[in-house]
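**Student:** What follows is the residue order along each chain.
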Amino acid sequence: MTKYQIGDRVTVKDATSLFHTRTQAFVRGHTGVVVEYRPEWVIPEDEAWDRLENGRTEPFYVVRFLQTDLWDPYTGFDVDTLETECSERWLAPAKDEA
Amino acid sequence: MSSPAKQSGASKNTPSPSTSFNTLTSLLADIAPAIHEVQDSPYTLSNARYAALRHVLHDVGGQPDLPVEYKEKVEEAWEMNTYVTCECLGWRGAWNSEMRRRAENDLGATLYFGLPYYARWITVATKTLIDKGLITPDELSAKIDAVRTRLSEERS
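In order, the protein sequence lines correspond to chains A and B.
Be aware that the first sequence starts at 1, since it is given in this note's numbering, and climbs by one per residue.
Be aware that the second sequence starts at 1, since it is given in this note's numbering, and climbs by one per residue.
Hints are all accurate, no fakes.
Output of the computed footprint for chain A on chain B, the stretches with three or more beta carbons under 8 Å from beta carbons of chain A:
id, region
1, 50-59
2, 93-103
Computed list of chain A residues with no C-beta within reach of chain B, every gap over 12 Å:
id, residue
3, Lys-3
4, Tyr-4
5, Thr-11
6, Pro-39
7, Glu-40
8, Glu-58
9, Val-62
10, Thr-68
11, Phe-77
12, Asp-80
13, Ala-94
Now the in silico label distances, taken between C-beta atoms and shown as ranges:
id, chain 1, residue 1, chain 2, residue 2, range
14, B, Ile-144, A, Phe-19, 22 to 32 Å
15, B, Glu-87, A, Glu-40, 20 to 30 Å
16, A, Phe-19, B, Val-68, 19 to 29 Å
17, A, Phe-19, B, Ala-94, 14 to 24 Å
18, B, Leu-28, A, Arg-56, 36 to 46 Å
19, B, Ile-144, A, Arg-56, 34 to 44 Å
20, B, His-58, A, Trp-71, 18 to 28 Å
21, A, Arg-51, B, Ser-152, 35 to 45 Å
22, A, Ile-6, B, Leu-28, 52 to 62 Å
These are computed hints drawn from the structure, not numbers from a lab.
Heads up, the beta-carbon is just placed ideally off N, CA and C, and yes, glycines get one too.
So that you can see chain A by itself, here it is in the shape it has in the complex:
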């Protein structure tokens, strides 16, 4: 069972990630929409330290952002989007949820 559903608005946490990360700085603190599920997989925090066999697994999500939300100024079209993948621990429900 996944914590987030397709269409949920989520905000990427801006947590400290020493030595290694798969959560790009340019999406941290930004809000996007869950558009796809990825299979459960070992989180990068374990996989990067040789724990592929016994590491913690989590659902991964494809999150879609508006480019205009990520970059200031963004010179492309307003409808342009960017998708990236996050493990569940890096996401929080968006606060702007009405």
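Based on these hints, arrange chain B on the given structure of chain A.
**Tutor:** Showing chain B alone in chain A's frame:
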């Protein structure tokens, strides 16, 4: 004991100590990290400075930088050999791609940005094999020296 003829021959090809010192100095200046405030293990650190320092090296997306020239470049043999070697090490269970990326960060900024892409791969492959006790640093160094000697003989 070397003959006078040999000595004069050597002085022709070998730079004088002052020339080689200057060469070494400029070479080091060229590759020194672009730090505009001296970082000599300071006693204190501001939160802002720490925030910049803890940023993970490989997370370059969106970081401020200068434009880079776009080049159409095909892979060379050594690059593909490196790729295949690293994939085989993964297939045989020595490491995985995340370990490689993390190990590349561990190189530090000078080596991370100073080495060509696949040179970064092969460097951390060797380091991981040493870390896991699969090879020893002296074995690796001896092999590197053997190749260096062979290549310098082939080129001379």
